[in-house]
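So the protein sequences, as listed, match chains L and Z.
Our numbering numbers the first residue of the first sequence as 1 and each following residue consecutively.
Our numbering numbers the first residue of the second sequence as 1 and each following residue consecutively.
Honestly, the hints are just simulated from the structure, not real lab data.
Certain hints may be false.
With a Cα cut of at most 30 Å, we get these calculated BS3-like pairs of lysine-lysine [claimed, not checked]:
no., chain 1, residue 1, chain 2, residue 2
1, L, K325, Z, K73
2, Z, K26, L, K325
3, Z, K22, L, K325
4, Z, K22, Z, K73
These are the residues of each chain, in order.
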Amino acid sequence: MSTASFLFCDPVSPERVRWFSESIAAAVRQQEPGGEGAFTIFLTGDALYSLADARTRDAWAALAVLPAVRITADGDELRLQGLRGPVLSGNPGMIIPGDGTDRTTGAFWDLVVSTLKAEWRDARQAAFLLCSSPYMNRTPVYMLRFLAGVHAAGLRPELYTYLDGVHTVHNGQRPSEFENIGRGVAALAGSAAQSGMDAWFAACSRCATARGYYQMNPGTGFCEPSSCIESIAIRPLRDILARFRERHPVLSHASGYAVPRDDPAPGIPHLVIFITNPPYCTEWTFGGISLAVAAAMDEIPVAVIFIEDGVHALCGTHEVPAADKIFNIQEMLAATLDVEGLQYLVHGPSLEVRGVRPSPEFQGLRQVHNPDLAGILRGTGQENAGRATRMIFF
Amino acid sequence: MDMTEARDFTDLTCTNLMIKLKILLKRLPPGESLTFVATREQVDNTCSPFAGQGYAVDCEQDAGNRYRVRMGK
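Kindly generate the complete structure, drawing on both the sequences and the hints.
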């Protein structure tokens with residue numbers, strides 16, 4: 001038997017609510033009796049609108065009444081959005097910590113941390129993979145609240161910045177109306193050091209180089225940080241992924257984990273990457289696949305699931321114009337089909353609802369449906385092998 | 001050494017360089033070779049392992065942490 005928890009900070013589309021709730025409901029049916037509280041779903045930020053939206057609220061409400069499912073909504077954020085009343089009245093079974101009077105805005109995040117600390121019993125640290133930049137996005141604020149809770153709970157806070165999340169490293173941040181993320185990270189690192197528990201904060205060197213924070217010194221031929229705060233070290237992705245080999249939770253803007261309740265199988269936790277965006281106009285697909293391939297090459301078992309708009313990566317024949325500079329995602333996939341420990345899967349219902357099919361080159365990929373996802377989400381699928389499993393949405 | 005023709009891959013992660021090399025080597029016509037610039041870390045972690053997979057790998061230091069690598073089938 002296992003427990004599984006999820007955190008959603010970003011908008012949750014009707015499509016996602018549909019497959020996720022159907023998969024969780026199927027997982028509940030599959031589990032043995034007595035599995036109360038086996039699934040915990042934390043909602044904050046723009047994900048909270050799905051609790052009030054007529055297209056999605058009924059699916060959440062149906063899940064919330066299941067004894068095995070506990071849905072927790074961020075009460076402080078609900079107040080900010082003007083949704084606390086409607087969500088409270090429409091969901092009597094929902095847990096809503098934080099009533100807007102707590103000046104630390106920590107009630108929701110304290111519950112997140114206490115849950116993961118109870119579920120990852122031997123963890124000494126907890127991490128946040130940050131893929132969004134400060135100020136354009138509120139996820140860095142949640143990252144700070146989460147890591148402050150991690151530190152307060154006696155765990156080492158770890159921050160892995162990736163894709164646009166590396167903008168957190170920029171020094172001299174001076175927002176007039178928003179919480180200063182750079183200063184918050186530095187303060188947290190200082191607090192951790194004072195308590196004898198050094199924080200581990202890193203930025204991916206590829207992402208940092210692309211954004212100008214890691215520049216070549218012509219004199220030495222080596223790259224050096226440029227305009228960076230000192231609390232975050234720029235490191236190769238491989239160093240960041242080395243942390244994934246240890247047993248501790250890694251949360252992100254949309255993420256989850258499943259941990260066996262009893263004796264987890266020994267070994268490195270598995271990683272499941274959900275590719276949910278179209279392949280080219282943002283860095284999500286490239287970033288998710290890069291991370292997955294790098295993890296697999298470091299012997300972390302990885303399943304990549306193309307789902308929602310992510311299925312477009314597999315359809316048609318992609319041709320990069322000669323004058324363009326972009327990785328052909330299909331060539332990237334074809335070149336990595338033989339990487340040991342890496343498997344690519346595609347969500348059948350996402351293909352069906354779009355009326356698309358994988359190109360012949362990818363028709364051999366295993367299609368998964370919601371009952372299969374049920375096993376993956378509860379940590380009992382063949383992708384999990386009885387080990388702890390982390391899930392991250394790109 | 002002439003560096004004008006060689007593509008500069010020094011900004012790529014080792015993983016992405018591996019992917020790029022697999023793609024480029026797959027397209028490479030018989031008898032031709034691929035020349036690019038890489039860092040020492042990339043040469044050690046990514047380029048050298050191709051030698052064990054039936055590829056000829058030559059590497060020569062150009063300047064500092066820049067190496068000219070030639071790979072062929």
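To see whether the hints hold, each was checked on the structure:
Between L/K325 and Z/K73, the direct Cα distance comes to roughly 26 Å. Compliance with the 30 Å bound is thereby established for this hinted pair. Distance restraint check for Z/K26 and L/K325: the Cα-Cα separation of roughly 19 Å lies within the 30 Å cut-off, and the hinted pair is therefore satisfied. Under the criterion of a C-alpha separation no larger than 30 Å, the hint pairing Z/K22 with L/K325 is consistent with the structure, at around 17 Å. Our distance criterion of 30 Å between C-alpha atoms is met by Z/K22 and Z/K73, whose separation comes to about 12 Å.
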